[in-house]
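Peer 1: Note that the protein sequences, when read in sequence, are chains P and B. Going by numbering that gives the first Met the number 0, the residue at position 390 of the first sequence is 389; the numbering climbs one at a time, nothing skipped. Going by numbering that gives the first Met the number 0, the residue at position 259 of the second sequence is 258; the numbering climbs one at a time, nothing skipped.
One or more of the hints may lead you astray.
Here are the simulated DSS-like cross-link-like pairs (lysine-lysine), alpha carbons at most 30 Å apart as the crow flies [said to hold, decoys possible]:
1. P:K36 x P:K480
2. B:K59 x P:K430
3. P:K453 x P:K480
4. P:K384 x P:K453
5. P:K185 x B:K189
6. P:K308 x P:K29
7. P:K116 x B:K308
8. P:K384 x P:K359
9. B:K180 x P:K185
10. P:K308 x B:K180
11. B:K59 x P:K480
12. B:K189 x P:K29
Hints listed in this document are in silico derivations from the structure and should not be mistaken for laboratory results.
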Amino acid sequence: MLIFELSQPNRHANALQVQAPTAAALGLPKHTLRQTKTKLPAASELDVVRHYTRLSQKNFSIDTHFYPLGSCTMKYNPRAAHRLASLPDFLARHPMAPIVHSQGFLQSMYELQDILKAVTGMKGVSLTPMAGAQGEFAGVAMIRAYHLDRGDTQRTEIIVPDAAHGTNPATAVMCGFTVKEIPTNKNGDIDLDVLKAAVGPQTAGIMLTNPSTLGVFERKIQEVARIVHEAGGLLYYDGANLNAILGHVRPGDMGFDVLHMNLHKTFATTHGGGGPGAGPVAVSQRLVPYLPTPMVGYENNQYRWLTEKDCPKTIGRLSTFMGNAGILLRAHIYARMLGREGMRRVSEFATLNANYLMTKLKQAGFDLAYPTRRASHEFIVTMQKQNKELGISAMDIAKRLLDYGMHAPTTYFPLLVPECLLIEPTETESKATLDAFAAAMISILSEAETCPEKLHDAPLTRPVRRLDDVKAAKELDLVWKGE
Amino acid sequence: MPFIPHTKDDISAMLETIGANNIKDLFDEIPADLQVPPQQEIPEGLNELQITRLMQQRAKQDHHSGCFIGAGAYEHHIPAAVWDIASRGEFLTAYTPYQAEASQGTLQLLYEYQTMMASLMGMEVSNASLYDGASALAEAILMAIRSLPKSHPSKTILVAGSLHPHYRQTAEAIVTAQGIKLIEVPFDTKTGTITINSLEAHKSLQAAALVIQQPNFFGQIEEVDRLTDWAHANNLFVIAVVNPIAATLFKEPGSWGEKGADIACGEGQPLGIPLASGGPYFGFMCTRMSLVRQMPGRIIGRTVDVDNKPGFTLTLQAREQHIRRAKATSNICTNQGLAVTAATIFMSLLGENGLQNMALASYQNTQALIKIVSAIAHVHVLYEGNHFHEFVLHLPVKASAVIEEMAKQGIQAGYDLGQTFPALANALLICVTETKTEEDLQQYGKALQAALQTLGKRNGEKNHAAVTA
């Protein structure tokens, strides 16, 4: 049932409403006024509360289910971060509040800038990008600004490995570059000879994730950095997989010039059903002048905003105010709780969990995409064999897992591994949960042999079964048409 | 260990299964010279009690006793049920609803949101949200350029000078790399709005679209019907930047002029999202059905499952980056799901009537404050014409000085227009919503008067000092 179907004409939730005279009584001119009705529901407070509580119960979430979604780092989101960022005085702070009413918030942001600088080995941080994709945009825009500022106008190309996230090429195009894709070799590393041939005076930069989306560490990263830098290009680090190396290895030491972090992954802020996230950027010395504004500075015992006036070469402003400030506050709280040592433990236990689960699945007869490699914080299983022999797809496994009360891993990404499941357990899951997941996978594999229809028909226990996506796209029903 | 559940026994059993001696071994593919010791700059960890004390102290520093700033973020009453429900773990800690069968809650809610938002704007379709108001405008501009007929390409956009300056700056930062130029149409200094005359001067540019904000940055009501008709007569798309609360009171974008605006976008924050230092908020975007395939961001559709049971799913994904990669309509990946969850519950609780009353009460309170401050000597309301819940007050001194002075009394006086409009250094943009009482307004009046006296006295002393020197 839709909320609109609970609506009764002339029923208002009066307890929630202020009363006011009519527009006519207030003297507002009629030609400026709205003449049409809306479809907003008129429902009682209890109806609304019940309706959305019930809807929430149809979701899988970290709080209710194991969620090993590769590349998404679905770790536990500490309640303290949510609660403390929601203190009434933080919620009531206007983004343009006078500096004297802002020192608490600004100090937290200043500290977060410093922590992110330290943990990435970079020289400057701007917190404003509102998501990973916007952080990528900021990063590539800074690369563009850097070359143009030097009068180097012929660098029109960004190199992207074929394993990259879809946002990488999409971002490069948004920044006015053309994209050159390069292949990955069979061990999951970049083919250095291909890279050498690909770089040149047209190269603005390269966008890389390390560990890569294949779940393995790019071992020749220093060599890659040397090749790209010698050609005059810069290196962009996609921080999607930062959880794998947090506190142990720093993008700055690998030779990267700019990176974005996904705070909703590595720094445990909530995913909220698809956002909001936050995608701060960190840069090496040569890109500091181009960082997006505003940032937070400290002088004369006071924290203050740094704007275009302080940073004349900035690529500019990317949001109305300072990005997803509340998410930044949550990340700050999480970082302060972890501290120096806790930060290292994140990557240690994320790696331990991934390698353990990988070993368990390998022993159970699953094929690994890169069987000779260590897992980083995630790894890839390929169902190519089962697909050929039993007609079982990665999607079938994913949907059947839902019946076992576990969220599916990422499916069909990265694109270059056929029938793949990208599995990321994260550090906050216990051995018992990993064992239960392995047991579910083993059980599903045996179902695939004995009663494959269970997999084809899955899920059988959810509010809906597999949906007709073709119908959804062809017969567009995007808003409720009822009266 | 914070948030890590492993026991010593777990760790040794796991290492044994893997065939490793210790955790360090698991990093053996990473070149040794890249592995670094702990970063000393990062402070030691705090337990929950310690961090609670610290953040309470910080929050207290930011306390104030009355906010009269608007400028794109508006204080409204948020019913208790909104965030109580939105903060349920099932909404808070779910991911993007790619696995539809495990995400029907979020998906249905987003479908309901699309219905509400499209109807609020009087448009045919809505997406599931973008980052915030300013970045939604940037995406709307890119969408307008993409939607032009191939025979008439253009890379010029006319932007009302009365648009929020941060929206303009954001749009500029995001679209200029693609060779798009934003041309500012100056506003009339009497009314603070744009006029047909100023548009006529830009006719020859053959721009792709006209961006109009309603109510505009100064809180003034633009003549949207005439502006929209002018744009359509000259083959420009109309991009409406709208306050969603105001849209329940003033004419909605779908009814502007003869044909209505083509894209409506804006800041969703007034719909149940706290001020919270500027985010997370959410950007909304609505358009005509004929342009839906050019719209960026996630879109939810209703369909059926294999048993013909209705259900909801992400649709038109062929536009998006994870499928189209370099050819996607945008690089956008997330939406602002949680903020939209709150907004949907907010709109459901208040309904049309509640939102309209909120708008009317805000307007009424604004009128009341205008009356109070108009009685103060040497200040006057700067612009003629109609406004919503913000107005510009002209002061005898710099607005920044008044703001500083009133902040000492805990009152946040407004937004200093001199920051972005140098000619308006003495102009204060003041916002009043339904949250203010008669007493609050009286107190504002007194505080303003006191601030002007203090500053006047100080200036007098300075002048006196200058003369005697």
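Peer 1: Straight-line Cα separation of K59 of chain B and K430 of chain P no greater than 30 Å?
Peer 2: Not OK: K59 of chain B and K430 of chain P at ~41 Å, beyond 30 Å, violated.
Peer 1: For the pair supplied as a hint, K189 of chain B and K29 of chain P, confirm whether the alpha-carbon distance does not exceed 30 Å.
Peer 2: 22 Å, holds
Peer 1: Would you mind confirming whether the straight-line C-alpha gap from K308 of chain P to K29 of chain P stays at or under 30 Å?
Peer 2: 44 Å, violated
Peer 1: Starting from K384 of chain P, check that the Cα of K453 of chain P is at most 30 Å away, please.
Peer 2: Status holds; Cα separation ~19 Å.
Peer 1: K453 of chain P and K480 of chain P: Cα distance at most 30 Å?
Peer 2: Measuring from Cα to Cα gives roughly 36 Å; hence the hint is violated.
Peer 1: Under the criterion that the straight-line Cα-Cα distance not exceed 30 Å, is the pair K59 of chain B, K480 of chain P satisfied?
Peer 2: 48 Å, violated
Peer 1: Is K36 of chain P close enough to K480 of chain P, meaning Cα to Cα at most 30 Å?
Peer 2: Roughly 14 Å separates the two Cα atoms, so the pair holds.
Peer 1: Decide if the proposed pair is consistent with the structure: K384 of chain P and K359 of chain P, CA atoms, cutoff 30 Å inclusive.
Peer 2: Distance of about 18 Å is within 30 Å: holds.
Peer 1: Need the status of pair K308 of chain P, K180 of chain B: alpha-carbon distance at most 30 Å?
Peer 2: 22 Å, holds
Peer 1: Holds or violated: K180 of chain B and K185 of chain P, Cα atoms, limit 30 Å.
Peer 2: Judged against 30 Å, a Cα distance of about 45 Å means the pair is violated.
Peer 1: Check whether the Cα positions of K185 of chain P and K189 of chain B lie no farther apart than 30 Å.
Peer 2: Distance ~69 Å between K185 of chain P and K189 of chain B Cα, so the pair is violated.
Peer 1: Is K116 of chain P close enough to K308 of chain B, meaning Cα to Cα at most 30 Å?
Peer 2: Answer violated: K116 of chain P to K308 of chain B is near 51 Å, above 30 Å.
Hint compliance for this structure: hints 2, 3, 5, 6, 7, 9, 11 are broken, all remaining hints hold.
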